[in-house]
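Asks: Chain by chain, the residues run as shown.
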Amino acid sequence: MRRRWLASASVLLAMTSCNRTPDKRVSAQPKAFGAALVEMGGGLQTGPVGTVLDQPLVVQVNDAQGSPVAGALVTLRAGGETILTPSTGLTGDDGQLSVTCQLGSAAGRYQILAATTDKSGKPVTLRLEEIALGYQQNLGRQLSERYCSRCHDPESSAERVSNYDNLTVKPHSFTDGAFLNSVSNTDLAAITTYGGAARSKSAEMPSYGGSLSKTDIEALVAYMRAMASPPYRAKGLIYASE
Amino acid sequence: MGRKLAALYRFLFGDSVRAFGSLSLILLVCLAVVPAKDHFREWIRIQSQYLKLIRNRGDAATLQRRFQGGLQQIWLPRLGVVDRCTTCHVALKEASLADVSLQPFRPHPVIPHSLDQFGCVFCHRGQGAATTVEEAHSSTKAWEQPLLPARYLESSCGQCHQDAPAGTPQLNRGRKLLARYGCVNCHTLLSPGGARMKATDDPPELTHIAQKTTREWIFAWLKNPQAYAISATMPNFELSDADARDLSAFLIDQSTPISPAIEAKPPASADDSQAGATLYGESFCASCHAAQNAAGILTGGDVGPELTSVGSKVKPEWLLAWLRDPHQLDPNTAMPHYRFNEKQIGLLASFLESKTDSDFTANVHLEAATKEQIEHGRTLVNERGCASCHLFNGIKRPDNFAPELTAVGSRPLAKIVFAPGVPYDLPSYLEAKIREPHSFGTAMKMPKFTFSTSQMEALVTALLAQTDRGATVPAELRVEGHPESDYQPAGSAGKLMDDLRCFSCHSINGRGGDMAPDLTWEGSSVQRAWLLGFLKDPNTLRPALIRRMPRFNLTDAEAATLTDYIMTVYQTPAFDASSLPASSFTAADREHGRQLFYSKYACQSCHIVDPNNDKGYIGPTLTVVGVQRTAAWIFHYLKDPQALRPATLEPNQHISDEDARALTAFLMAQTKTPPQPGGKK
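Just so you know, the sequences run in chain order A and B.
Sequential numbering from 1 applies to the first sequence in the working numbering.
Sequential numbering from 1001 applies to the second sequence in the working numbering.
Calculated from the structure, these hints are not laboratory results.
No residue lacks a Cβ here, since even glycine has one placed at the ideal position from N, Cα and C.
Take the hints with a grain of salt, since some may be wrong.
Here are the in silico distance ranges between beta carbons for each label pair [as the list claims (entries may be wrong)]: (1) B/Ala1334 - A/Ala198: 42 to 48 Å; (2) B/Gln1073 - A/Thr215: 26 to 32 Å; (3) A/His172 - B/Gly1281: 34 to 40 Å; (4) A/Ile83 - B/Asn1382: 40 to 46 Å; (5) A/His172 - B/Ala1166: 42 to 48 Å; (6) A/Gly121 - B/Phe1451: 41 to 47 Å; (7) B/Phe1534 - A/Ala198: 35 to 41 Å; (8) A/Thr215 - B/Ala1475: 21 to 27 Å; (9) A/Asp165 - B/Asn1382: 35 to 41 Å; (10) A/Val58 - B/Ala1334: 37 to 43 Å.
Reference excerpt, derived from the structure (chain A facing chain B, CB under 7 Å, subset only) [stated by the list, open to error]: (11) Val52; (12) Ser105; (13) Ser149; (14) Asn166; (15) Leu167; (16) Ala203; (17) Glu204; (18) Pro206; (19) Ser211; (20) Lys214.
Only chain A is shown next, with the shape it has when bound in the complex:
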């Protein structure tokens, strides 16, 4: 009896939670079908939790020859509380659909699945990923932009010239998950605090322990973890057997 009650309650709960993010299923009919779905921009952006990403996600439907298809129906689905507007639509004359993305309220990576169907009705999908920063990661981002990115980000802008090329030992970009994921939190914090030489790295990395607090350095490490690509998966955590 109680089981049944629980089941009905959870169904109710699921229904109400669905209601909170109304899924506007526009009954648009596709006018054309493509063969491939391509990301044109807006993937792997970074923003604080809950905010709207600066750039829209742009996906393009191509036919088998690679030319854009107008009027193809694209449906996007996202995990968490991510809100996509519109979540479904027809591609424009350039074969593209542009969607704004509001991140969910939890920090981490958000997977977005874009899908369309080809002529035979087979689904064609494309996976996009966005990064949401919590308080700590966002603080790390502010500090990184001030203290780290001049050397660690090889890209130059009009306002800020990168120092990357001037260094004998090239620093790792914070997105360099292939390397950074293999370094422990303790080591990353130690290199930041005591300088590269403290962990047999280049002395060109100075020590920031005198200028940044422990909290700041933890925030920087959290930011590096959030940005790493491939994504960082913490070691030592105990996962539920699913």
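Got chain A; can you put chain B on it based on the hints?
Replies: Using the frame of chain A, we list chain B on its own:
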């Protein structure tokens, strides 16, 4: 029907035994309702769900031990916090559940405060005392608050923090926007400490506007300021053609001549736009003024107005007078008085006049203004509150022209009139009000601002920070900002520094801009001869920077006055600038310093000492640091950079006295003439 009821009554209460039995049964059922209701409470179900979730985890025993069943409550009488959120959000402190994304079992992300110190509602809003999901999260009754969406969470930090913490970039940006776009010219906005937010948009005085520009330009500008300059902070008042016509008529009519009068003296040289452009670059006008380049990209600072099509705006004689001495025309401008000669003024003026946008006023044709039009223009100025920002002849600045925003973040929804289609919550209202003020009624005086989504998020965040709760928190929780000091250097040097507007870029004793280095202790830092030469001819200290010290064309006497003042007054009490004479260093010290510079501390990553080999240019170039700085400054700066220049990027590396001394010896030997700037990437 009546008979059936009577039969039932007889069956239940026919005799005393039956009646006793029936009544007992009814009583029992009534008594059972309470525990049954309790049993089916939402939070009990959620707690058992949690126990099921952790059952299979490796650290289940620890989690189970830490789990406390029953209604939980954080009670902080001083903050007025009674939060029962932890009844369902049971795992807020369980960092090992970081992989759980299912609410309400997520652990709380790392924040600088403890949950026991502030509770939940202080930051997240919602009803802390509620014990059902619906009531706690989404109630919108008049006296209650729904949960604050995550995108505006930083606003809660702003209830106590006025100090722009590094972790709340959105809040800080929003507050800057409120000041930058002049919102606080019309709206009063007080911090919990009672400090009034000051506008930073510097709207021009319009008392002499007829001398500066034409009525046609004013008309086109009023119709759409952003069409003239994309970075203009003046909002669009969405004026009709007739209103813009009458306003421009009034503006010209109320304008009085400047005294002393502007001379219509022609420039000394013919137009040579290449030389003009070079002078514009050399004078570092772009440090403060932005302009669109050929590709349409806006580059330059935002201290002064955008100059993309300034030639369409200002009258040539006004521009000449302005370049000669801007303070004659606007005593409050941030623009320094460059001491240009007539030839330079001619070059610059013809360069700036060549920056035009012929489309801007092309379709404006105005008849001569009538008396009625001028009068209507005056009425419009009063109605629209133009005098809240600008100065006019014969019109008083209105007090509190627009509603006060001090407590806008806790405005009860019942007191708000929502426009159709706006979701029934405070953030949506604020956003809609800024984005489309006229959807709330055509009589609305609020002009239309154009903001990007992220700017809008920042603005709403800053407004939501203005809460009643912020006004009532205990005083020791408040973190006040640093109020700008009113420091004013004295004497003839003080006058000179005012004339050169040093404070537009430099900060001294807590007053001034942050574009250039803080000069509070500059006298301890530099050598006199170098400073004198630098003021006469500021060579490139940091070739990688776009914003640099301009050349003011100072006379010898002016440069000497400034140098003497800086050397005497701006001395740090921390050390004596002459305490480490260069003669005390030996060749061995210098060699040791060289090795430390290049190997142990790898200073060449950011600084250049040997222009042929070193490439770093994050920090200043050090090729002539031996004639530029004092040894005592270098020594103490190496020991603790932030103690002398709080905003510097140079990390404090806890350099020992011996190392710092050797490095100082090496740096003091760097007296080479500077290399030609440029050439390197």
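Asks: Work down the list of hints and note, for each, if the structure agrees.
Replies: Going through the hints against the structure:
1. Separated by about 45 Å at the C-beta atoms, B/Ala1334 and A/Ala198 satisfy the suggested range of 42 to 48 Å.
2. The supplied range of 26 to 32 Å is met by B/Gln1073 and A/Thr215, whose beta-carbon atoms lie about 29 Å from each other.
3. Range check, A/His172 to B/Gly1281: about 37 Å between beta-carbon atoms, so the 34 to 40 Å window is met.
4. Distance hint check: the CB atoms of A/Ile83 and B/Asn1382 are about 44 Å apart, consistent with the given range 40 to 46 Å.
5. The hint said 42 to 48 Å for the Cβ distance between A/His172 and B/Ala1166, and at roughly 23 Å that hint is violated.
6. A hinted range of 41 to 47 Å for the beta carbons of A/Gly121 and B/Phe1451 is consistent with their spacing of about 44 Å.
7. Between B/Phe1534 and A/Ala198, the C-beta spacing of about 38 Å keeps the proposed range 35 to 41 Å intact.
8. At roughly 25 Å, the beta-carbon separation of A/Thr215 and B/Ala1475 lies within the given 21 to 27 Å, and the hint holds.
9. Separated by about 59 Å at the C-beta atoms, A/Asp165 and B/Asn1382 break the suggested range of 35 to 41 Å.
10. Here the CB-CB span from A/Val58 to B/Ala1334 is close to 41 Å, well matched to the stated 37 to 43 Å.
11. Hint status for A/Val52: holds, given a least beta-carbon distance of 5 Å to chain B, under 7 Å.
12. For A/Ser105, the shortest C-beta to C-beta distance to chain B is roughly 4 Å, which falls under 7 Å, so the interface hint holds.
13. Among the interface hints, the one on A/Ser149 is violated; its C-beta lies about 11 Å from the nearest C-beta in chain B, farther than the 7 Å criterion.
14. With its C-beta approaching chain B no nearer than about 4 Å, A/Asn166 sits inside the 7 Å limit, and its interface hint holds.
15. Nearest Cβ of chain B to the Cβ of A/Leu167: about 6 Å, under the 7 Å cut. The hint holds.
16. A distance limit of 7 Å between C-beta atoms decides the matter here; for A/Ala203 the minimum to chain B is near 4 Å, and the interface restraint holds.
17. About 4 Å separates the beta-carbon of A/Glu204 from the nearest beta-carbon of chain B, less than 7 Å, and the hint is met.
18. A cut of 7 Å between beta carbons decides the hint on A/Pro206: the least distance to chain B is about 5 Å, and the hint holds.
19. For A/Ser211, the suggested interface contact is upheld, since its CB lies about 5 Å from the closest CB of chain B, less than 7 Å.
20. Hint status for A/Lys214 relative to chain B: violated, with the closest Cβ pair at about 12 Å, above 7 Å.
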